[in-house]
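Peer 1: These are the residues of each chain, in order.
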Amino acid sequence: MSRPVRLKQFSHLTIAHLKEISRQPAVLFWGIVFPILLAIGLGLAFTRDAETVHNIGVVADGDESPSTLSKLEAQFGKAAAKPNREFRIRGPEMIELAIADEKLGDILYLFEPGSWEASITGLKQGRISMIMTFTDNGPVYHFDPQNPAAQLAWLRLSLLAEGESGSLKGPETDAYTEGEVSPLELPGTRYIDFLVPGLVSMTIMMSCMWGISYGMIDKRSRKLLRRMVATPMVRSHFLAALMVVRIFINTVESALLVFFAWLIFDISIQGSPWALIIVFLAGNIAFCGIAVFTSSRTANTEVGNGVINAVVMPMTLLSGVFFSYHNFPEWSIVIIEKLPLTLLVDGIRGVFTEGAGLAQTAPAALGLFLIGTVFFAAGLKIFKWH
Amino acid sequence: MTPVIAVKEVYKSFHTVRAVNGIDLTVHEGQFTALLGPNGAGKTTLVEMIEGIQTPDSGEIRVLGLAWNGNEDRLHRAIGISLQETRFIDRLTVTETLRLFAGFYDLGKTRVYEIMDIVNLGEKADAYTVNLSGGQRQRLALGIALINRPKILLLDEPTTGLDPNARRDIWSILLDLKRHSNTAMVLTTHYMEEAEYLCDYIMIIDRGTVLREGTMDQLLSNDAADKIISFSLEPPHPPRVDIENNSPFPIHWHPGNSRGTITVSSVEADLPVFFDFINKRGLRLKNMECRRRTLDDLFTGMTGRRLDE
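As they're listed, the protein sequences go chains Z and U.
Per my numbering: the first sequence = residues 21 to 406.
Per my numbering: the second sequence = residues 952 to 1260.
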């Protein structure tokens, strides 16, 4: 049934839907503010600190700082003798040694003198990662070999201790040269750079699936759809209005998310903005189409809940939003790569971190556009208005 | 004159339940018709088939002389409907909701304000629909049904669940419409007063079939016996045999509410006979009323059940 475009109907539907959404503060919070908070939280948690702190328990003859200090000085004295390095007593129970390193980041060793029992308790609580004891042959490091943080502390301390002998090469030895360590400082290599494109993609999926699907199922259960189609309303206008509003909201959400990530973490878009816009729109179309299909039959919001979860949960876990999907088994990657969310995440991430342009993102954009069109057409075909 | 609605031999089943079982219905311009029956009688299914929401399994439905198939746009413009319990978009105001629906018919603000006046929702113009009372929500639904000045109005239980005042408000809007327009209306209800008060023609429906139809007078004066004497006794539960055996009239005793009813043709002639019978049996009347037979009595007489069951 083809009908002419009725702009008045379309604009009334669009405005009504926009008002419906914008008047629910909770929707705005979960849709816009929450993803930003999530990005900030995860970004702070997983982005490298300016200073790495190693907490180490020290069991010396006496529990007091001065006697422990002398042992430590005997062990690491030469390394600490360089400019801007010294052992400092920080409070009655703490000795610190700060080592500045512009390339690998500053390192702060916090030595906590105490008895063996007290140190073990600290280890169990996670407050310290290693215990040092002293024998006639030198220091002994006690730590869980499965704990990477402890291993790193051990390696660094060993290097500090043996630094002058030259038996180990590394950043703290005299053999350390510009060429041997080349820290990565290229943009786009931090976790936040990986995360933000994933969050943008996930927000698009969640917003379309919950916003469109749930809204439609709710209207069907209220018999509002039934009432609306008993008028000369053009059905495709109704769906188009939902999609236009959703794409508008997603644009605002994503722009704010990227803006805050730029403000706080200084993330940047390496590739073509046009490629980003196209893959963004294609992703919106894909998930609007899937949402229409998902909500095409049921009037039961609980069934709708289940169906929407069945669509979004696997993709949230598999599509590389929070971590790379390349760690999954080889055979599964072939499938995962074809999932709509993976296409979108890879497309957007490519533009953000790998400097992709139109040519590189075209296959993903085309795939998403096709997925959206097929699901929309199928959904419309079986759509239950009554 | 071509009827505005012509339903012929229409059947509709859902799984194993036959909801509409061969119903004919004709409605003329300006005529108000009630489909009266208890819940599950098939009224809603019938009215939804007229609305084009459901399609009949067999039979023919013509609205304004047209079949639904291929004439959807034209017919949607000519009818106004109110479904059982529609809930609108919670956070749109009354005005915005009316404007949305007016937009579907290419109508503007003027009509929106006219409708708010007709259904008396001016004071609630800026209220969200979620904050309306049941009566106000039904008036909004009625306003939306009237927005396109429909030739045919189809209302599915417009006053179910409303208090008497809210019901009266809806009735007065509909009576005004009857006086000032030529709109035909089909209304489903299980309130006999509603059918009697608003409609020229009443079809009593049960289990998908029409039990009886006609004007109020036709329905109630089919039989000569059209008066009811209803009574209760002291003590309230006399032996049934005392009441029913050798009675001059067939007495229907309802143990549930401890009341008896007798159908008579003349209260003046039959009441003394009734008193005489009560005295002779040594029974004592506690309460008694004489009234004209109602549609509910008619329905109970045919089915053994009440309309509001």
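One thing to keep in mind: the hints can contain errors.
[Claimed, not checked] Taking lysine-lysine pairs in the DSSO-like style, the calculated list, with each CA pair at most 27 Å apart, reads:
1. U:K1237 to Z:K28
2. Z:K243 to U:K1075
3. Z:K28 to U:K1102
4. U:K1102 to Z:K39
[Said to hold, decoys possible] Simulated restraints, written as ranges between beta carbons of each label pair:
5. U:D1151 to Z:V53: 55 to 61 Å
6. U:R1100 to Z:W50: 29 to 35 Å
7. U:T1160 to Z:I355: 39 to 45 Å
8. U:E1036 to Z:S256: 42 to 48 Å
9. Z:R43 to U:T1160: 43 to 49 Å
10. U:N972 to Z:R255: 28 to 34 Å
11. Z:T271 to U:D1259: 26 to 32 Å
Think of the hints as simulated: they come from the structure by calculation, not from any bench.
Ideal Cβ placement from N, Cα and C applies to all residues, glycine included.
Peer 1: Evaluate each hint against the coordinates.
Peer 2: Status of each hint after checking the structure:
With a C-alpha separation of about 68 Å, the suggested pair K1237 (chain U) and K28 (chain Z) falls outside the 27 Å cut-off, and the hint is violated. For the suggested pair K243 (chain Z) and K1075 (chain U), the alpha carbons sit about 23 Å apart, so the restraint of at most 27 Å is met. For the proposed pair K28 (chain Z) and K1102 (chain U), the alpha carbon gap of about 24 Å is at most 27 Å, so the pair holds. Between K1102 (chain U) and K39 (chain Z), the direct Cα distance comes to roughly 32 Å. Violation of the 27 Å bound is thereby established for this hinted pair.
One distance hint, 55 to 61 Å for the beta-carbon pair D1151 (chain U) and V53 (chain Z), holds here, with the actual separation near 59 Å. About 43 Å separates the C-beta atoms of R1100 (chain U) and W50 (chain Z), a value inconsistent with the hinted range of 29 to 35 Å. Remark: the range hint 39 to 45 Å for T1160 (chain U) to I355 (chain Z) is contradicted by a beta-carbon distance near 57 Å. Checked against the hint of 42 to 48 Å, the pair E1036 (chain U) and S256 (chain Z) fails, with Cβ atoms roughly 27 Å apart.
A hinted range of 43 to 49 Å for the beta carbons of R43 (chain Z) and T1160 (chain U) is consistent with their spacing of about 48 Å. Here the CB-CB span from N972 (chain U) to R255 (chain Z) is close to 32 Å, well matched to the stated 28 to 34 Å. Between T271 (chain Z) and D1259 (chain U) the Cβ separation comes to about 54 Å, which falls outside the hinted range of 26 to 32 Å.
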